[in-house]
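J.: Chains as they are written, first to last, in the numbering used here: chain A, 1 to 895; chain B, 1001 to 1121.
Careful, some of the hints might be misleading.
To give an idea of the chain A side of the interface with chain B (calculated C-beta under 8 Å), a few residues [said to hold, decoys possible]:
#1 Ser674
#2 Arg681
#3 Thr682
#4 Thr685
#5 Ser686
#6 Ile693
#7 Ala705
#8 Arg709
#9 Ile710
#10 His712
#11 Glu714
Listing some non-contacts, in silico: residues in chain A with all C-beta distances to chain B over 12 Å [what the hints assert, rightly or not]:
#12 Ile5
#13 Gln319
#14 Val529
#15 Gln668
#16 Pro683
Distance ranges between label pairs, derived from CB positions [claimed, not checked]:
#17 Asp801/A to Gly1087/B: 32 to 38 Å
#18 Arg1116/B to Ser729/A: 43 to 49 Å
#19 Thr1030/B to Ile676/A: 26 to 32 Å
#20 Arg1088/B to Gly878/A: 37 to 43 Å
Since the hints were made in silico from the structure, they are not lab data. Cβ coordinates follow ideal geometry from the N, Cα and C atoms, glycine included.
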Amino acid sequence: MPFNILVLTCVTYVALLFLVAFVAERRAGIGRARWLRSPAVYTLSLSVYCTAWTFYGAVGYAARSGLEFLTIYLGPTLVFIGWWWVLRKLVRIGRKQRVTSIADLISSRFGKSNLLGVIVTLLSVVAMTPYIALQLQSVTQSFGVFASGTPEGWALPNRDATAIWVAAGLALFSILFGTRKLDAKEQHHGVVTAIAVEAVVKLVALLAVGGFVVWGLADGPSDIFRRITESPISDWELQPDRWFGLMFVSAAAVISLPRMFHVMVVEGGDESHLGRASWAFPAYLMLMSLFIVPIAVVGLERMPSSANPDMFVLTLPLQEGQGALAMLAFLGGFSSATSMVIVEAIALATMVSNHVVMPVWLRLRPDVAMTGDVRGVVLMARRVSIIAILALGYGYYRMSGGSTALASIGLIAFVGAAQVLPAMLGGIFWRGASRFGAGLGLLMGLIVWAYTLFLPSFGDDGVIPAHVFALGPFGIGWLRPQALFGVSGMDPLVHAIVWSMVLNASAFALGSIFSFPGPVERMQGAAFVNVFDEDQTGPQGWARGKAEPETLLMMAGRILGEEPALGFFEAEARRQGKAGFLPDATPEFVELLERRLAGSVGAATAHAMISQIVGRAAVTVEELMAVANETAQIMEYSARLEAQQDELTRTARQLREANEKLTQLSIQKDAFLSQISHELRTPMTSIRAFSEILTEGDLPPGMVAQYGRIIHDEAIRLTRLLDDLLDLSVLENGTVQLNLGLANIQTLLDKALAAAGSTKPERVFTIIRDLPSENLFVRTDADRLLQVFINLISNARKYCDSDSPELKITVRQRAGRVSVDFIDNGKGIPKESQAIIFEKFARLSDQSRAGGAGLGLAICREVMANLGGSVSYLPGQGGAAFRATLPLRLDRKLA
Amino acid sequence: MSHVLLIEDEPNIAEAIRFILTRDGWSVSTLQDGAAAMAAVHDQKPDIVILDLMLPGRSGLEIVESLRADPATHGLPVLMLTAKGAGREREAAERAGVSQFMTKPFSNADILASVRALAGR
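Throw the hints in and build the complete structure from the sequences for me.
T.: Following this line, the structure appears as structure tokens:
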């Protein structure tokens, strides 16, 4: 097979993956992604468990050590079938607490501790780097196999160049589809769909090679069984300690590998999918392992003894002249490697950005929560982290020279990832688990793993000098890396598993027992352990009313984006029975907001950011008692009381607000008469004075004309005022006649901008518009809508007090409604006035008489209500900001 | 010739008063903003001040209070105009120390008579 075709196929395949991911993102973007989130896709995405190590390495493993390779499949199978309730709890916690990574889970559980997040991140990056290097190596190696088999004798002149191209391509893919946007939930439809496609490719490839071996090279199953019995593989004896250790470590890994946690909990999040996956994923693993032994046996028989058994899947079809099959096998291996690297890179980058970059950034510049571009920094941190992680992987690959057998690197990574297991399981099942214990256990596990397995893997005199292996550091015999505490003669891998897990778990348990968890830890502990008890999400000690809702909104906008933040605040305000966009900053609301933010930047960072605004969280004794007291009766009783209390609080708040509003209205009614008197008397004064002057006679004709014009103008001013009053009264009574027709928003805005004259014509007023988005036809009363637009624009022209005034007009269409935002860059409307500006004569100050009687916004409000929409003030936009919303198609019935 | 300082932000009303008083032989200067009122009084030393209640910059009431607090202008006659309802505003104005209070609209004869009376003519 010509090498050029291989490269071409490879590029085509990658292009196809990009296309799949792109289309999936696109469909998810327009909300048609149901099938993207089906149980089948979920199960297939779990197959990132099967890396190039499984694809190529399992055959090599079988050829070297017989059936031991099966442990790698058995561990996960046992977890998914027997322990799926653990997974369910993890998924439920992940969804409720909006967990973004395994480091975030640990950090969030133990009091939103960032230190734990950093430890887990560090552990993960260290353990996964060789694993990523392994994937790069396997792709490069498989290229090499093809190259050496070609007649042109194309021998990879530069092996490293291949690896660097692969690494760069994977970084690009991960960045494009993994860091496109910052969601409240880390879900990447494009990546998951591409992974699912790759899962199918690798399964089909392995089955095809297996089928060819059984029915093409051998004479069917019975012949294969005979050959297996005769082959040296069947002479291998099971080593019970290794068998047990490997099964344990692979079972642990399937939960605690960063990429597995990512697809299972972070990307997933639907517990019903787990039900399907609990049998479908083991079935997938079973199919993946079905032909491993036959391929290994036939490979050993047919290939020269110098051939690397790790590459049998590829070399066997090549030697038999099955070019197409070999190509398929190559793509299968390629898929395994790429899907693993992509997901791992995204998962690790999320950890690094949320637990290392963000906290440092917040520490250095504490004001950024309010002013900085948080989203930009998070996304940039993730992109840079992805590149750095792949660069690390590539660096390790260059350094290690790519010589070690595939399986051993994978196992080292598995044992490393498994160190998170005690803290994780302890955290979700044991309320006594504490931050101190978790930190101690994790550090202990990290150190023992590194000392007994990771560092020795660089070989004698690699990192640890040979004499240390033989005699121990400083000649202390019981500290020999592979014979800790004098336990020698054990298999090094099993030795590392046993000691790291025993010391890790003991440190965790003892540390937890002998330390006293803080209040936030206790609250989080209860929320995690009792995740299945509904209504368990009490307030977490945020002080009541300490924060301005508007400040919170601005911060949320910087992280979630303006629109989602506004939507979230509006929904919460409605739930509290308030109008507008600003809910009260109750402890419940702040808690909810914190969790929402945690979905983007991780629990610890979200907690820190909220603390900057609200002040430190202080958990009261009552709240702690509520958590500590578990008897069902009290729980239920207090729940009922709480419900009543909530109801009362809500009613009280509504009453209070109604009362406040009535008082305000009454004051305004008084002011109304005074105002209307003033507004009528002013033009009347000019008219009376000048008409008296004119009646007295003997004026030059020029002055007669001038004074006559003044009388005329003032009469018109009076008429307009009366018109406005009448208009308002008709609108308020709902007896208005609407003249419905199709109108183009852009045309209306053009007209409104031309009509809304400036009171200060010498000022340059910049208008920012997005013409394409405005080209939208609505069925409404065009004249009425125009009236509103003119009003809002002339208000901005009158009141915007910026030195270089700007008005930004944004038009959006969503779910059958159109919204038009008018946002200027002045100092905006003070919070205490926002509630009254839509009332009649609510001119904010008597002093700044910018003309008009103060009826404009009241009329706007009534017009929009008549058009089936609304106009409201958008808080937290910098300047004064108004949003008019209306239905795309207004029904006559409604009007 | 006696001098009148007229502080009124509605240009048409100011023009009407200016015309009526000028025709009667007064010299009139007008001001639209309340902030500059005190400076104008010290500058022009008017014989009488006509003042609107609601002014941009500084309210009529505040200006009267300043005038009364200053020994140089303590006895200066002040005629206050307003388009607002009489009751509360009149009380406040009298408390601040205006010489006379007049609601809009007024007849030309009234305002002329008041100015003459206040100036002692």
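J.: Please name the hints from earlier in the document that this structure breaks, with their numbers sorted from lowest to highest.
T.: 7, 8, 10 and 16
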